[in-house]
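Chemist: Sequence:
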Amino acid sequence: MNCASIAVDLLHALGWPLASRGPSDRLRAWLAIPAKAFTEGRLASARTAYEYLTEDRTRLMPAAAFEEAAFGLLQLARGARGAEDGTLARMLAEDIEALVGVRLPQIPSSRAWGTWPAANPREYMNCLPADPADLQVIPVPPRPFPEELRDSDLLPPPPRRSTWPIALWTVTGILPLALAAGFLWRAIRGGRR
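For my numbering, count along the sequence shown from 1 and bump the result up by 146.
These are calculated hints, taken from the structure and not from any lab test. There could be a bad hint or two in this list.
Beta-carbon label-pair distances, calculated as ranges [to be verified]:
hint, residue 1, residue 2, range
1, GLY187, ARG236, 50 to 58 Å
2, ALA276, ALA165, 20 to 28 Å
3, ALA223, PRO292, 35 to 43 Å
4, GLU240, PRO304, 34 to 42 Å
5, ASP241, HIS158, 17 to 25 Å
6, ARG188, ASN266, 18 to 26 Å
7, THR194, ILE320, 16 to 24 Å
8, GLU240, PRO287, 37 to 45 Å
9, ASP277, GLY319, 17 to 25 Å
10, ASN272, LEU173, 14 to 22 Å
All residues carry an ideal CB built from backbone N, CA and C; glycine is no exception.
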């Protein structure tokens, strides 16, 4: 649940589903599990890599979400509405002239200035520094939704998408082998330094 997915899901719930761009690369996602297990020695990294690469790019990348929203507004301005469009899409189509003059301010934050948002995982990876030590990570503690505000009819969260691939890689023996080989590789490299 990043900023793009929250906005895209909200628009969908209000009746304006943005077009889906689909996942980045399912094959690379499957291969990322043993690769991350080898290089980092942690299943958490493998899970995260798989889930990012299999997530819909419209929900994952703010640039993709913005592009799909802008294209959707142009379609609404031309009178082209989809069969799944609901109340919000109808209201936007009726008031499209008012939307032309809307200015959305950028809220100041302590976030470092960048160039432009990435539209896909490859573009994102190309923006990262070559040396992982130069990567600036600001830890954010989890903020669970308060139980007293949770509706009683909400479904429990679904199982993580990475559970099945991790189980399959484990049963085939590839994941334990990747973890063991990665541990040995890191131990050998650490001993040489």
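Chemist: Confirm or reject each hint.
Modeler: Cross-check of the supplied hints:
1. GLY187 / ARG236: 50 to 58 Å: Distance hint for GLY187, ARG236 holds at roughly 52 Å.
2. ALA276 / ALA165: 20 to 28 Å: violated (34 Å)
3. ALA223 / PRO292: 35 to 43 Å: Roughly 40 Å apart at Cβ, these two residues keep to the hinted range, so it holds.
4. GLU240 / PRO304: 34 to 42 Å: With Cβ atoms ~36 Å apart, the hint holds.
5. ASP241 / HIS158: 17 to 25 Å: holds (19 Å)
6. ARG188 / ASN266: 18 to 26 Å: holds (25 Å)
7. THR194 / ILE320: 16 to 24 Å: For ILE320 against THR194, whose Cβ atoms are near 19 Å apart, the range 16 to 24 Å holds.
8. GLU240 / PRO287: 37 to 45 Å: Given about 43 Å between the Cβ atoms, the range holds.
9. ASP277 / GLY319: 17 to 25 Å: At roughly 33 Å between Cβ atoms, GLY319 and ASP277 fall outside 17 to 25 Å, so the hint is violated.
10. ASN272 / LEU173: 14 to 22 Å: Between ASN272 and LEU173, where Cβ atoms are some 20 Å apart, the hint holds.
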